[in-house]
Amino acid sequence: MDTHADTYSLERRTGEDDATTIVVGGVVGLREAVRFVSELRAQVAGSPGRVVFDLAGLEEIDTAALALLLHEGRRLSPPAELRGARGRVADVLTLYREAPRGSLRECPTGKPVFVQVGEVVEGLWERWLRTLSYVGECTAAVGATLRRPQSVPWRDVVRIMERAGADGLPIVVLISFLIGLIMAFQSAVQLQQFGADVFVADLVGLVVTRELGPLMTAIVVAGRSGAAFSAELGTMTVSEEVDALHTIGLNPFRFLVVPRVLALVLVLPLMTLIADLTGVLGGLLTGVGILDLTPRAYLIETRLALEPWDVFSGVFKSLFFAMAIALIACERGLSTKGGADGVGRATTSAVVTTLFTLVALDAVFTVIFHLYGI
Amino acid sequence: MAPVITVERLTIGWGDFVLMHDVSFEVDRGDVFVILGGSGCGKSTLLRHLIGLEQPLGGTIEIAGVGAPRLGDGAPPYGVMFQSGALFGSMTLSENVALPLRSWSGLDAEAIDAVVRDKLRLVGLDGFENHLPAEISGGMKKRAGIARALALDPKLLFLDEPSAGLDPISAVELDELVLSLNRNLGVTTVLVTHELESIFKIASRCIMLDKEVRGIVAAGDPRTLRDTSTDPGVRAFFNRTPRGDA
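So the sequence lines, in the order shown, correspond to chains E and U.
For the first sequence, our numbering gives the first residue as 1, with consecutive numbering after it.
For the second sequence, our numbering gives the first residue as 1001, with consecutive numbering after it.
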């Protein structure tokens, strides 16, 4: 007989009719439940015939431990018989036996791999259809906005511009300044070997204005404002505010999506120009500090290296980046399902999809500009 | 008198799953019509179909003067209050109520302000005009939701569980408000609830949905249903007993 101090005891007895009786005594709490069941299983193992759980000596048992005991009993063939339960143990046992079968959820069973693949494909197809529908709705909303510009909630546009633009500017300035500084430092080490120090200004100017200025600005805005858009609209969706908009006769696309797209389209090119400027200033600091260039020489070299198109191409790209950030974030927000968990997933998905889209768009623009020699 | 809402052989579901089928009923002008039933039987889902937020798999819904339920650009043909109130969190109560008026009434700002104060007074929220939804209680949110639904003076109002989760006094006050709107303004009201006190107090007619039957198990005056129905589900619901004991 195994006895565990002040808790429970298990004893195996074999009767004349080959029935194995497991006598359970003492108190089984939640802490002992796992050990209790593994010892019970060991006692039952190898029993040739009928098994009886004698609970007469059991003073108290936790509901979880009793559930595990019943489960062990049902696993046997034939199922174990329960005897002698009394007092609180009998009460808990009655509760379990009277629980409506329908109220106990079936354990989920694994689906065949083909079914799982099919469900994933179906999910992707449905997402594609939803995206097409979303693009169609947005196009219609933009058309309606162009016909009736007064229908745009301009007060919201200004509020969003302030949050996405003015509030986000310090981090954009800091990051672009550091990018210019780091790039100049890394290239200076290489170019110094060939006596081509001054070309650091060319490199920094071109890369910042054509690529990194617009891209880094868009990435920062996607992380800040894109995530905020998605979380905001996701919360509105799960709390039925978007449905309420429908019932007031207001189109959520025009009321929620269009102001965000407009705000970012207006603000991102301006932020990109400021990022370009601070990136060049970061390069200038390195040029003056490490390469002994004068600020005047650095700026003249930068001006000679840059064509107006270099700056304009970055600003041009930022318009598309702005649309991508706002549209993707709003789409993820409006398609949120569930509660807080759904909002979290929508926000994560919005940021990841936007970052991928921004880099892909940048690559596409780079190839197109290269093909057209601009 | 022609019914305000006519529902014929409605089937609701998603894909292969059918939540309810063959649902037919009519709502008459001036009714306080209650959709009742246990949790998960599809009451709120039916309401979402009645207001046009979701499309049925089959059957028809006709609203007098509107046709099939429609929601889109334009003044809404009916008012809707959602279970949580669904107020816009970034707007004050007065801005919430003013939104449909600003969008569709053509009134100037001063007139809108006056109407908003009047609507909020109607639901007992005068003095709370400048509060944000986060600053008021659940019952007050529902009242503000009703005020917003009433902003454009609809003759048809849909309410999703208006008294659910409220303390008894707030629940009774909301029931009084619904009755008052119905009697004094002639607002036909369709509401979803499973609060028995509310049902007996305000409902002129009701339908009862059942999860197992996947449709309507009883229709009529709630008191008559309570006293005469032989359906075990209906008896269990009205007598507050488990199904087997009904």
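None of these hints come from the bench; they were simulated from the model.
Don't be surprised by glycine CBs; every beta carbon is placed ideally from N, CA and C.
It is possible that part of the hints are untrue.
Stated by the list, open to error - Chain U is faced by these chain E residues, among others (derived, beta-carbon under 7 Å):
#1 T21
#2 E240
#3 D243
#4 H246
#5 I248
Here is what the structure says about each hint:
1. T21: Constraint on E:T21 not satisfied, violated at 35 Å.
2. E240: Status holds, d = 4 Å.
3. D243: Holds - the Cβ of E:D243 comes within 7 Å of chain U, reaching about 6 Å at its closest.
4. H246: holds, 4 Å
5. I248: holds, 5 Å
Hint check: a violation occurs at hint 1 only; the rest are consistent with the structure.
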